[in-house]
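Residue numbers (this note's numbering): 1 to 445.
I should point out that these hints are in silico values taken from the structure, not numbers from a laboratory.
In silico DSSO-like pairs for lysine-lysine, Cα to Cα no more than 30 Å straight-line:
#, residue 1, residue 2
1, 99, 138
2, 171, 215
3, 171, 134
4, 138, 100
5, 380, 246
6, 115, 99
7, 103, 134
8, 115, 246
9, 171, 230
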Amino acid sequence: FFFITRRSSDEPHPLLSPSIQRPMIIPTRRRRRRRGLSLLAIVATSSSTPAVRSFVAPVSNSNSLPHEALSPSTTARPPPRRQRGLFAAPVPQGARTQKKKLKTFGRYLEIEMWKMNEIRGIEPVLQSVALACKQINKIVQRAMTDDLYGVAVDASGAPLVENVQGETQQKLDVVCNTIMLRAFCGTGSAICAIASEEEDEPRSCAEVMGDDAFKVGDYVAVFDPIDGSKNIDSSLPVGTIFGIYKHRNMDTAGDISSFLQDGNNMVAAGYCLYSATTVLVLTLGSGVDGFTIDPDKGEFFHTHRDIRIPSTGSIYSFNEANYNDFSEPVQEYLKSIKTPSAEVRPKARYVGALVADIHNILIQGGIYGYPSTRQDPDGKLRLLYEGCPMAMIIEQAGGAASTGYGRILDIAPTKGVHQRIPMFLGSIENVFELDQFHKYYGDSS
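Make the full structure from the sequences, and use the hints.
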């Protein structure tokens, strides 16, 4: 490190010998970080002095000016470095931050499972799901650099066939589905079977893991590994949804009857949002809590305690591009909330990913709706692994979840694990108002 000061040529410097007019090298006692080396400070009178130019020239780099260009008004400087130590810029008092003292997700589970011993067996499963969410979060962030955007292809490069939903699978769908399968099935003996959006039929964990030792378990799991995967191409939020039911038929691990239960029998539900922050929201049937990944530590911390959705809100989240295909009750409801006489001015927010839109409603209040349309008279969203988990979370937070004519959690699937329904979730007052429009304008038959 070299420190050069300028003084007028006719003014002697006290540290220079007048007879030789050369800079004196003054060793300093300040020790260099991580190395026990002494630094040298060089003080010179003027950059125009030949002796100084010849001494300083060897330390100039390719980005500095040539020796001849040095003048009292133009001095070569090395490229800027990251400032630290004595030379670091002072941090304003208001900008200094400190880590909060928060519980980890693991510690939260320990406490909750101690209070609810009847579901203690799913503790390692939920730990594994949190780990899977961390992995998916990293994959989503690296999707572009690791070539995980776009449609999934086979070994020949041809696009994979459509899944049972009639949707072309994305690369992320396939990768994230595998991660979630192993998260649920590869953790102890709690889960015996799974149903995924990406799978045509439910599968036993023995089939997933390739070992009969995994066919036993007291629970079954349902999940959507990556909701809104098409948003990835545009760097928009996506998420993971999951729910856990008590296993009904203990003799047959992959028996579909264990999945055809109404949402009231669900023992746990949650989602993970991959956005500006990665948030895991979980309910065990006694309230809703949220956890955020600390990027420095790579752990989920308890940042949202006992989440309560406002009783009413101004946000409505509908895909109004389909307005003309909505039923009359929904059209009339949307007209009413947008009239100038409304007490609260409405705010339209729609991301196109269920997890992102529901999380916004959960925090801010309002209503999310995906009604039936002429093209999809039964609705578009799936009851088992989208409707029921989200309905349980919203209701546990003090909100409501309805089809327009009744609670979502009261509906038992009758058309298989991929049955679709219309969905309205959000603040209790908003959802109740929409239900009144269905009673007045609609035909419940």
